[in-house]
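Asks: Here is what each chain is made of, one letter per residue.
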Amino acid sequence: MKKFKSYILVAMMGLSVTSCEDFLTLMPLNEVVLENFYTNEADVESVLRSAYAALESSDCLVRMSAWGEMRSDNIVDGTDNSSNGDDDLVRFINENINYQNSLTTYLCFYKAINYANTVLYYAPEVHAKDPNYHGSELAAHQAEAISIRCLSYWYLIRAFKDVPYTTRPSIDDTEDFFIGQSSFDSILNCLITDLEKIKDWAPVHYSSDLTKKANTARFTRAGINAMLADMYLWKGDWDKCIACCNYITESKKEDYKKIKADKGLNCDIEPDQYNKYPLILETFGSDNCGNAYNAIFGQGNSFESIFELPFDSKKSNPFISSYYNSSSSTTGKLKASDKITRGAGADDLFAKKDVRFYQNIASDNSPGIVKYVYSDVKYNLKDGSAQTSVGTKRGDNAAEPNWIVYRYTDVLLMQAEALTMQARDLKDQGGAAADVNALLQKAFDIVDAINMRATCYPRYGAETRLTYIPNNDPDVMEEMVFDERRRELMFEGKRWFDLVRQALRNGNADNVSEAVKDKTDNSNSSVISVKFSNLNGLFLPINKDEIDINPNLKQNAVYTDNEHIKKAK
Amino acid sequence: MKHYNNRLLRVAVALAVAVLPGMLSAQKAGDIISGVVLDSEGPMMMVNVTERDAADRIQSHAITDVEGNFSFQLKNPKDRIQISYVGYETVDIPIDKLYFEITMKDQTDLEPVDIVADRVMEGNGLPIPLREVSSAVATINMEEFEGLGITTVDEALQGRVPGLDIVFNSGDLGARSTMHLRGVATMTGDANPLIVVDGNIWEIESNLANNFDYTNESQNTEKVSELLNINPEDIATINILRDAAATAIWGARGANGVMEIKTKRGQRGKTRVNYSYRLNATWQPEGYRLLNGDQYTMFMKESFFNPEMSDAAADIKEFNYDPSFSEYRMYNNNTDWVKAVTQIGLQHSHNVSVSGGGDKANFRISAGFDNQSNSIKGQKMNRFTTRVAFDYFVSDRIKIVTNFSMTYSKNKQNSNALGSAMKMMPNLAIYYEEANPTDPNGPDIVTDVFYHMLPSASDELPNNTNPVAEAAQKKQYSTSLNVQPEFSLVYNLLGLDNNETKLTYDARITFGVTNSGGDNYTPQSLAKQGWADNNANSVSANANKSSSIGTTHSLTFIPHLNNPNHSFMMMVRGQVNTSNSKGQNGGLSGLPSGFESIGLPGNISSMSTSASRSRSMNVTFTAHYSYRSKYSLDFTTRSDGNTRFGDASRWGTFPSASGRWNIIDEKFMESIRQSGILTMLAARVSWGLQGNAPGGDGMYLSKYSSGDAYMGESSMKPDNIRASTMQWEETTSWNLGFDFGLFRDKLSVSVEVYDRLTEKMLQSGYSIPASSGFSTLSVANDGTMRNQGWELSLSANRIYSTRLLGQDFNVGGNINFADNMNQILELNPTLLEKMTNDFDYKNGSYLSYVALKNAYGSIYGFRSLGVYQYTEWSAEEKYGESGPNAPVARDADGNPILVNKNGKDYPREMMYDFGVGRTNYTFVGGDAIYEDINHDGNINELDIVYLGSSLPKLNGGFGFRVSWGRLSWNNQFNFRYGNRIVNASRMNAEAMYGTDNTSAAVNWRWRVEGDQTIMPRALHQYGYNYLGSDRYVESGSFLRWNYTAFNYSLDPKIVKRLKVSNVSFNFNLNNVMTFTKYSGLDPESAGSGGLGNVAKDSSQTPRNKSITFGVSVQF
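Those protein sequence lines, which keep their order, are chains A and B. Numbering follows the numbering used here, with no gaps: position 410 of the first sequence is 410. Numbering follows the numbering used here, with no gaps: position 917 of the second sequence is 917.
With the rest of the complex left out, here is chain A:
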C-alpha cells in the first residue's frame, strides 16, 4: 500500500516534468508574436501603414521642417525668448547647432525605414502562404515600401550627407547594428536604382475617385516620379529629371480630362490660362482670390497634390498646431522672418498683388505663419493694398491640415530648374544662343504660369506679371526660379534644401551665408561664414547619442570641436 502511494507520487512529479517545456512557454497577452503574424495580405498592409504612420509622427514632421527649412532665411524663432524650454529649437534656427542638439536625432526616419524593410522581408513569405495575395498586389506593396524607405533616406542624406544605410529589417539581436556611414553619392545611387526598378509597380491611382485621400496619401507612380525628379535634380541629371517631370505633367493632364468630363466647368482647373499647365484657379467669386490655397492647403488631397501625409479630426497634425500655431492668438514656436518683404520694389520678394504673401504671412507687421494654419482664406487684392478679409483660422477642433511632401508646382519648378541648368550647360559648351534661349523660355513659361496664378492674372491687372528678361543668361533665370520656389513653397520644408543644392552645385556656400545672415543679423555672422566655408557645414552633426554608441560612425568634421573639449576633460 505504502509503495503504491509512492509510485503515484513519483508518477505525478514525472508528468509535471515532461510537459514543462510547454508549461514554460508563455505567449504575451497584449501583443501578437511574430510566429502568429504574417498570415495574410491584411497583415502586410497593416505593417505598411505603420511605416507611413511613422513618417507622419511628430518627430518626423518637425524634422522635415527643421532639416528642410528652419535653418533657411524664411523662418525665425517665434517665441522671442528661450524661456519656453525649447532651447534646442532656438539654437537650431539661429545656426548654433552642436552635436547635442536634439533636432539632430534621426531615429524617427529609421523607424519608418525599418518598418518598410520589415514589409519587404516578410511580404514574399505571405505571398507564398496566402493564395489571395496576388503577385501584382505584392509588387505594389513592395513599391510602396521601397518608396517610403527612399523618402526617409532622401531626407537623411540631404540633412546629414553621409548616413548608415541598411535594407535589412531589425528582427533579431544576433545581427550587427553597429554599421558605419555610406556616402551621399552611393546612397543616392541606391535610391535612384531602387525607385527606377519599382516605379511601374505602383498603381497610377488607388481609387478611381480622384478626390479620395488614398490617391495622395500613398505612393503612386506620380509620387515616385516626383521623388526621382528631385533626386536627379540633386544629382545633376537634367534629362532624367525633366523626363520624370514630364511624366507627372502628362498624368495631371489625364486627370484633368477626367475631372473635366465629370464636373464640366466647375472643375476650377484652367490649363489654357497658365501656359497649358493644369493648375487650380486662384480666383473665385467676382473679386476674390484664395481658391487654390483653400483647395491645396485648406482641404488637402487637391488635384495638384502628389504625395502628402494625411490628418483629420481624429488624428491632428502635431507639428502645425504648436510650431505654426493654429489655436491661440500669439505666434507659434516659429514665425516668418521680417526680412520677407512685399511691395513694388525690385528687392521685395513678393510683388504687391502676390496673394501668396498673405497666404504665408499674417500681415506686414505680424509675422505669424498663415500657411496650413488657416482652413480657408478669402482676399481681395484689387486695390493692391491689403486683404479685406482673411478667412478662418483653424481652432483646436477643426480638421487638421495635411503635410504636403510633393505637389505639382514643386515638380514644375524642379523642371524649370533642370531646364535652366541644361541651358547653362549648353551655353558653357558653346551652344547656339537660340537653343539656350529656347530652353530658358521653357523654364520661364513654367515660372510665369505659377506666378500668373499667384498674382491672379489677369483679374487684378498686369502690373505684377513677370516679364521675360533672362536673354541668354541662365544665371538670371536661375535666380527667377529660386525666387519663385521660395515664394511658392514657403514654409513647406523646402527652402534650406534648395539653398544647399544650389551651394553644392556652385561649389561654395555664399548663397547660404547671405541668406542666413539676412535672417538673423546677429553677431554670429562671422561664425556662420567660417562654418559654411566648409561645405560640410551645410549638413548636420551626427547626434551625441549616436556617436557615443556607435564607434563606426564618423562625425561631420565641422562639428568635432565639441568632442575635443570633452576629451580634454
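Don't take every hint at face value.
Taking lysine-lysine and the DSBU-like style, the derived pairs with C-alpha atoms no more than 30 Å apart in a straight line are [to be verified]: (1) K582/B with K475/B; (2) K842/B with K333/A; (3) K360/B with K582/B; (4) K253/A with K212/A; (5) K360/B with K333/A; (6) K257/A with K212/A; (7) K197/A with K253/A; (8) K517/A with K901/B; (9) K212/A with K263/A; (10) K554/A with K317/B; (11) K75/B with K264/B; (12) K517/A with K842/B; (13) K197/A with K258/A; (14) K333/A with K258/A; (15) K235/A with K554/A; (16) K213/A with K257/A; (17) K901/B with K554/A.
In case anyone wonders, no lab produced these hints; they're calculated from the structure. This structure is a prediction, so every number in the text was calculated from the model and none was measured.
Dock chain B against the given chain A, drawing on the hints supplied.
Replies: Here is chain B on its own, set in the frame of chain A:
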C-alpha cells in the same frame, strides 16, 4: 445513590476478574473496556481515553465522567490504551485486561529531563544543527523586539543586521523602505532581497503587472508596501541569508539575498490568549525655517527686479500691498503653510492572539487592527490582518498543516501635501478673507471657505492648489485585500525516531489572491481652471486582481548510519508556480457635483486594462554531511525554468558548495574550550553561482502591437528586436566567515568577508544605433561588476549579570559594522561613455562620471568661494562702489588679468562659458563666486573638480538592552560614516530662482553693492547662482538613535489577583535623535547614489518622530 451503584459495579467487576482468570488473556474485539482515572487528589473528569493502533491512529475514544469512570468497546486486542490530560503525563499501556485503574502524574512532578537535541536551523530545506551551518546567515529572534512599538519589520531590522542597508525614503504613510543586502549587484530589476514567509515567496512580480517599472520608485513604494503588511507580532524569527550557499535553494530568485520570515505557530499546552494595545503618536520634525509673507514679498520684488533692473518687471499686483487690488486681502498674510498641513498623528493598534494545542492539534489564531492617521493631514490608514496556523496530527506518520492569512488595508493618501506646503506663497491666505464690515481698518474676517488663486492671477506666480483644501477635500483611497491559504501534508514514510532512517515526503499547495484598487476624486473646487479644467469633478478608479497557485513536493532523506561519527541528510524538491493578474483603470471628469461614481456619464479621460501571467518551475537538490559535527560540507544545486527566456537558455542551473570547520572541536583546543573563554571557533567558506533573470516577459519573442492609425485605419508594428542571445546574469560569490563564541557563548562574534562578481550583466534598455529603427534593445548581457565587502557582528546576551537590589540585573547588546564596495570592471566603452554625460551648463546639475574600476557615486562640481561683493573692480575698496572682491579674471597668483581697451588696461571680466556657439554670461556683484581652477577667466566644465564620494566608508548599527527584574530598557542605533551628500533640498530652498517659498536663510542674501555675505542675490529665472558646487555638498555621516524602549511586566502576585497570567507595559520613543553635522532634514534619505548618480537628498517629507505607549495582557 449513583455513588453507591458505581462502587457496586466496581466490586462486581473485580469479583468477575478474580473468578474468571481464564478470560484475562482473551480480550477480543467487541469487549467492553472500562476503568477509572485518578490523580493524587481523587477522580479526574474529562480525561481523554483512546484506543490506538500501531500507527497511532485512534480506533475508539471515551471521556471520563465526574467520577473518573470510562468505558468503550474494544476494536482490536492488539491495540494500546492511551490516557491523556493537559498538564499530566500521558499514560500509554497495552490492553491486557478489561478494567483499568490509572493514576495520572502531574507533569510538574516530573524529574527534569535534559534535552539532548541540538538547536537546528530550519528553513534551509534541511534541519541542520546550528553548529554545522556553513553559510552566512544572520538570525534574529523576534523575542528581542517584544515590547517595541514597531509597526513594520523593516523598522525593527534597521541597523540590526550587518550588510543589510535599509533606507526609509519617505515618511508618508504606507511608504516602504529600500533594502539592499551586500550592495547592488545588478543593473536591472528589483535589487531588494527576496522575502519568504513560511517557505512561500511573497510574489512581488506576479502580483504586479509584468511591465512594472522598477525604476519608478514612487509607483513602486505603494504597491510593494502592501506586501510587507505582515504583523510584526506574528513573526517568530527572521533569517537573513547573505551568501550564495545560503540562498542557493531559492535559486535565481534569491540573487539579491533572502529574508526568511517564520511566523509563530501554536504550541502544545494550555490555551493562551494574548491581547496588546499600542498607542503611537507621531509628529513632523522641524524642517527648514521658511520665509514669512512679508519677507517673501520683499524677496520676490528683488527677484523680479534684479535680472532686468526694471521696476516694471517687479510690478506684480500680488506683491504690491495695494488695497485697490480686488484680491488684496488674500495676498497680505503671513501664513505658515507647513503648520497648516501638519498635525500630531495617532495610531491605535490592537492585536489578539490565541494559541494552544494538544495531542492531536496545535493552533494559533491572531488578528490585528491598526488605525493610523499621519502627521500630515489627509493621510489615514486602516489595516486588518489575521493569520491562522493549524497543525493536525493524523497519526505519528501523517501531519496536516494549514495556514491562512489575510490582510486588508485601506489607505487614504495625500502624498505631496508637505512638499506643496513648503512651496506655497506665504503671503497667500488659506481661507477667503473679507473686510470687516464694522471697522474697515480692523483685522480682516477669515471665513471658512478655502481660498484658491484665481485664474486671473499673474502668470509668474506659482499656481499650486491650496494643500489645506486638498487634504480636506481630495479623496484618494487605495485598498487591498490579500488572502493566502496554504495546505500541506507531511508523511513520514520510514522511521519516526532519530535512531531510524527517516524519509519524509512533504506536499504543499499554496494559493494567493490579491485584490487591490484605488478610488480618487477631485472636486471642482480644487480645479485651478474651474469647469474648463480637466480635473474638475473628476474621478478615477483602478482595480487589480491577481491570483497564484504554487505546489511544492519535497522528499527529505536522513539515513541512520551505524557509525555515529557520520551524519548525512539530503533533500529533493520540485516546485511549480503559476500566477496571473488583471487590472483596469478608468477616469472620468466633469461629473455633476455630489457624484463620485465611475459609472456616471462624464468625459472619459483615461481607460486602460492590463493582463499578465507568469509561470515558473524549479528542481532543487541539497545535501549535508558532517563528520563528528567537526567538519561539515553542504552542497546545493537548483535548476530554474524561467518563462522569460527562450528555449535556448530557459533552464539555468546554479550550484553552490560550502564547508565549515569547527576548530574548537579539535583536540588541541580542548584546554581552551574547557576554560570557557572560547567556546566556539569555526571557519566557514562558501562558493556559489547565482543567476538573475531579466525583468520583463516575452523579450525573446518578436512582438507586434498596434501602432498609430494611418488614414483612419489601424496599423501593426514590430515592437522590439527579439533578444535571442539573452542569457542569465551570473554572480559568482565567495564568502569566508568566522564564528567565535566567547565566555561560554555569552558573547558571539561573526566575521564575514565576501566577493561577488557579476558577469553578463543584464542591461535593460541597452542603447543601439538608431539606424536599426530602435533606440534600445529591451535587454542585453554586457559588463562585469564586483561587490566586495566585510561584515562584523557581535552579539552579547546577558554579557553582564548580577543581583541588584534584590532583582536580576542583566546587560546585553549587539554591534555590527559593514562596508561594501561596488565597482564596474567591464562595460561596453560606448555604454560607459553614454553614462558619462557632458556637463549641461544648467543650474543645479552635477556632472556624472562613470569610470571602470572606480566605485560609483563620485561627486564632481565647481568649488564655491562665496559671493562677489562688487560689480566694479578696484584694488582698494571704495565703499558702496567698487572693491577687490569683484568678478575679474585672475592669474595663478591672484592678480587680475588685464586687457587693453582703448589704450588703457582694464581687468578682464569673469565669464560663465556655455561652450561653443553660445552667448556667455558675465558675472556681476551679488553673483556666486566659482573657483577658476585653470585661471582662464572662464568658468566652464574645465573648472569642475572632484568633491567627494557618496559611498559611506562604514555603516552599521549597535544596540543594548538592560533589564532589571521585570523592567527592561532597549536601544538601537544606526550610523553611516564617511560619505558625502548633495543636499538638493537645501539647494532648492536657497536657489532664489523660482517663485516657490524658500528657506529663511535667503534673508542674508546680497542686496546692494558692497554687501558681504555668502548668499547670492535673488534672480528670477536668471543667472548661474546655484550651479552644482561644493556649497551644497555636505558630510553625510550620522548616528541615529532609532529607538529607546522601556518594558515593564507587572508583579506576578498582582497579576494573579487580576486573574490573568501576565501584564506588561511598554513605552518607547522612535527616531529619538540624529547626531550629524548635516544641515538637511534627514541624511539617510539621500541613499548612496547609483551608477552615474550621486547621493542626493531632495526629501520633502522627513521621517516622523513618534512616541508609543503599549499594554499587553496574557490570559
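Asks: Any of the earlier hints contradicted here, and which numbers?
Replies: Numbers 3, 5, 10, 11, 14 and 17 - these are the hints that the structure violates, sorted from lowest upward.
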